[in-house]
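For the record, the sequence lines run as chains B and D. So the first sequence is numbered by the numbering used here: it starts at 15 and just counts up by one. So the second sequence is numbered by the numbering used here: it starts at 15 and just counts up by one.
No lab work stands behind these hints: they were computed from the structure. Worth double-checking, as some hints may not be accurate.
Copies of the same chain look alike in the list, so a pair counts if it works inside one copy or between any two.
Unchecked claim - Derived DSS-like pairs: lysine-lysine, alpha-carbon spacing no greater than 30 angstroms straight-line: (1) Lys324 x Lys43; (2) Lys42 x Lys324; (3) Lys323 x Lys254; (4) Lys324 x Lys309; (5) Lys118 x Lys254; (6) Lys254 x Lys324; (7) Lys43 x Lys119; (8) Lys119 x Lys254; (9) Lys304 x Lys324; (10) Lys254 x Lys43; (11) Lys42 x Lys119.
Protein chains: 2
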Amino acid sequence: MYYRMIGAALIALATALLTGPRLIRYLKKLHFGQTIYELGPSHQQKQGTPVMGGLMMAAGILLGSLICHPAEWDGIWDFVFPLLAVAFLSMAVGFADDYIKAIKKRHDGLSPWQKIAGQVVVSLGFSLYCYFSPRVGSAIRIPFTAAEWDLGIFYIPVMTLLVIFIVNSSNLQDGLDGLLGTVTAVSSSAWAVICLLITVLPALGGAGSTTYGAATIGAFALAMAGACVGFLRFNRYPAKTFMGDTGSMLLGGGTAAIALLLRQPLLLALIFFTPIMSSASVIIQRYYYKLTHGKRIFLMSPIHHHFEKKGYSETQIVSMYAGITLLLSLIAVISVCASK
Amino acid sequence: MYYRMIGAALIALATALLTGPRLIRYLKKLHFGQTIYELGPSHQQKQGTPVMGGLMMAAGILLGSLICHPAEWDGIWDFVFPLLAVAFLSMAVGFADDYIKAIKKRHDGLSPWQKIAGQVVVSLGFSLYCYFSPRVGSAIRIPFTAAEWDLGIFYIPVMTLLVIFIVNSSNLQDGLDGLLGTVTAVSSSAWAVICLLITVLPALGGAGSTTYGAATIGAFALAMAGACVGFLRFNRYPAKTFMGDTGSMLLGGGTAAIALLLRQPLLLALIFFTPIMSSASVIIQRYYYKLTHGKRIFLMSPIHHHFEKKGYSETQIVSMYAGITLLLSLIAVISVCASK
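When you get a sec, could you build the whole thing from the sequences and use the hints?
Spelled out as structure tokens, the structure:
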């Protein structure tokens with residue numbers, strides 16, 4: 015079981031590293047250069063970097079978690095399939111967007127309503143699945159305690175909105191070389207560690223937890239971490255490829271799926287703090303702008319562009335976000351231990 | 015107990031962040047600019063960056079682990095005191111070296127023999143302490159199993175050499191902006207997670223483990239992680255300060271002390287792989303040079319300079335080392351779970 019978890023991480027890493035160069039060459043050949051979002055500060059030189067590099071992570075996560083999941087046969091349906099479904103269907107929405115932008119060269123991609131419609135289908139479907147699954151149910155855990163909070167029927171709309179929010183937060187944070195990849199490498203590792211804790215002591219995961227269930231989710235989280243580290247080989251500053259909406263929605267969907275299956279969505283506030291902060295900064299900026307009739311609270315949103323305008327380099331911001339994610343992830347891990 | 019562990023990380027972080035600017039100003043005023051090691055590739059512009067910034071980590075680790083250790087009164091002597099003693103006495107050797115270089119402006123610092131003599135005293139003393147301590151003893155754990163390997167009296171010389179090797183590996187890796195700080199932030203987090211696992215399930219740590227003992231070592235590891243993240247605020251590329259031998263020997267000593275007290279020195283091969291690789295590359299380079307009468311296997315050693323000469327930027331190398339450390343740390347954490 016534990017060796018399989020290691021296998022998942024290493025297979026995902028190797029897949030991303032091995033498919034990377036070929037994928038990048040292929041994407042370049044198709045003239046898949048991204049049209050850089052015009053409002054980004056001084057990123058004009060990034061024109062021409064192929065987008066949709068996230069596909070190498072998708073390949074890694076798929077192979078790693080399919081070959082090496084430690085689930086019994088029924089566990090595949092309980093855990094492996096839902097995780098992959100949410101991650102890859104979320105990715106499909108992003109992929110459609112990237113495809114229209116890069117191939118059809120239409121800057122606007124999918125319309126916002128098309129995107130949201132796609133995301134609603136995925137996240138509503140997944141919330142319904144969790145609600146009715148005997149392994150998950152409508153109760154969520156309260157960090158630092160052994161208590162659970164049963165949301166009842168409200169679980170469905172709340173979690174639907176949460177999954178959409180997380181996927182879009184992930185998407186919004188993907189704006190600097192290596193940023194989301196680094197943050198998700200750390201956050202996925204944190205989820206993996208939480209799964210390991212539940213594996214060795216199922217009581218930490220609450221009544222519905224099983225050793226194999228937690229190990230299976232953990233193998234998926236490890237595959238995500240391995241895929242991110244592999245992808246960073248090509249995405250760290252200066253990036254040879256971007257993950258695109260393809261990649262950011264894959265990672266956001268995968269992260270949300272892990273959190274919900276573990277009944278720990280509240281831990282997203284710690285482990286996925288920086289992507290949520292990215293979303294929050296966009297929302298705050300927009301409302302502040304409306305309220306004050308034209309003033310801005312940040313120099314630019316999402317907030318990583320604010321830091322860029324303040325004079326921090328891309329690599330400095332990535333390092334800062336990674337450090338924040340690391341410490342908050344440790345607190346999240348401790349919160350699970352404290353629920354004993 | 016768990017809240018104290020969080021406190022240790024946050025106090026260490028806050029201490030490093032708050033003392034940082036003042037310390038840097040003070041060090042600059044004393045003209046503590048480091049003379050850059052002449053063989054480093056194109057780092058001449060780093061001349062004048064104040065060294066001994068590691069002191070802010072020292073302050074953070076000291077305050078964090080003293081204020082927030084979760085040990086009972088006797089645990090202070092069993093764990094808190096030995097951890098701090100090894101870390102700070104190792105640091106003292108590095109500090110003496112930095113002091114001679116920076117204040118007395120003698121490029122060579124302590125003589126190699128003076129350094130080694132100081133390190134032998136510290137590591138021999140600590141190995142003797144572990145050997146005679148009822149909480150540690152002469153047996154070390156074999157990763158992935160519940161087995162222990164009793165080294166008997168050989169524990170003392172082997173661990174003495176190991177501690178010296180780890181401290182010097184840490185020292186050798188400290189050659190690029192943010193490199194050792196980032197790697198140690200991750201590796202310390204891994205130690206903290208291992209301590210958390212033993213805290214929730216003492217069987218994972220073997221017969222001598224206690225909940226409070228593991229939590230106390232964990233609080234120290236969390237203080238190290240917090241201090242590293244805080245320090246990186248000032249050390250990430252482009253660095254405003256270097257940690258110096260002061261900092262690198264502090265981190266090396268602290269890491270070695272954690273590993274020995276947990277009876278998991280073999281896990282250093284995974285968690286502290288990249289610093290060990292730095293040492294190994296220096297040794298390999300030297301012997302290859304002697305054997306071949308003048309040929310080099312790496313363009314330059316330690317190996318991070320080899321990568322620099324190969325055209326990778328400092329931030330790329332830091333990111334790569336961090337990714338390797340993250341994945342190997344996860345494997346180390348899994349190995350502890352697998353010992354159940």
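Now the hints, each set against the structure:
no.	hint	result
1	Lys324 x Lys43	between (36 angstroms within a copy, 27 angstroms between copies)
2	Lys42 x Lys324	between (33 angstroms within a copy, 25 angstroms between copies)
3	Lys323 x Lys254	both (23 angstroms within a copy, 20 angstroms between copies)
4	Lys324 x Lys309	within (17 angstroms within a copy, 48 angstroms between copies)
5	Lys118 x Lys254	within (22 angstroms within a copy, 46 angstroms between copies)
6	Lys254 x Lys324	both (25 angstroms within a copy, 17 angstroms between copies)
7	Lys43 x Lys119	within (15 angstroms within a copy, 56 angstroms between copies)
8	Lys119 x Lys254	within (20 angstroms within a copy, 43 angstroms between copies)
9	Lys304 x Lys324	within (23 angstroms within a copy, 51 angstroms between copies)
10	Lys254 x Lys43	within (14 angstroms within a copy, 42 angstroms between copies)
11	Lys42 x Lys119	within (14 angstroms within a copy, 53 angstroms between copies)
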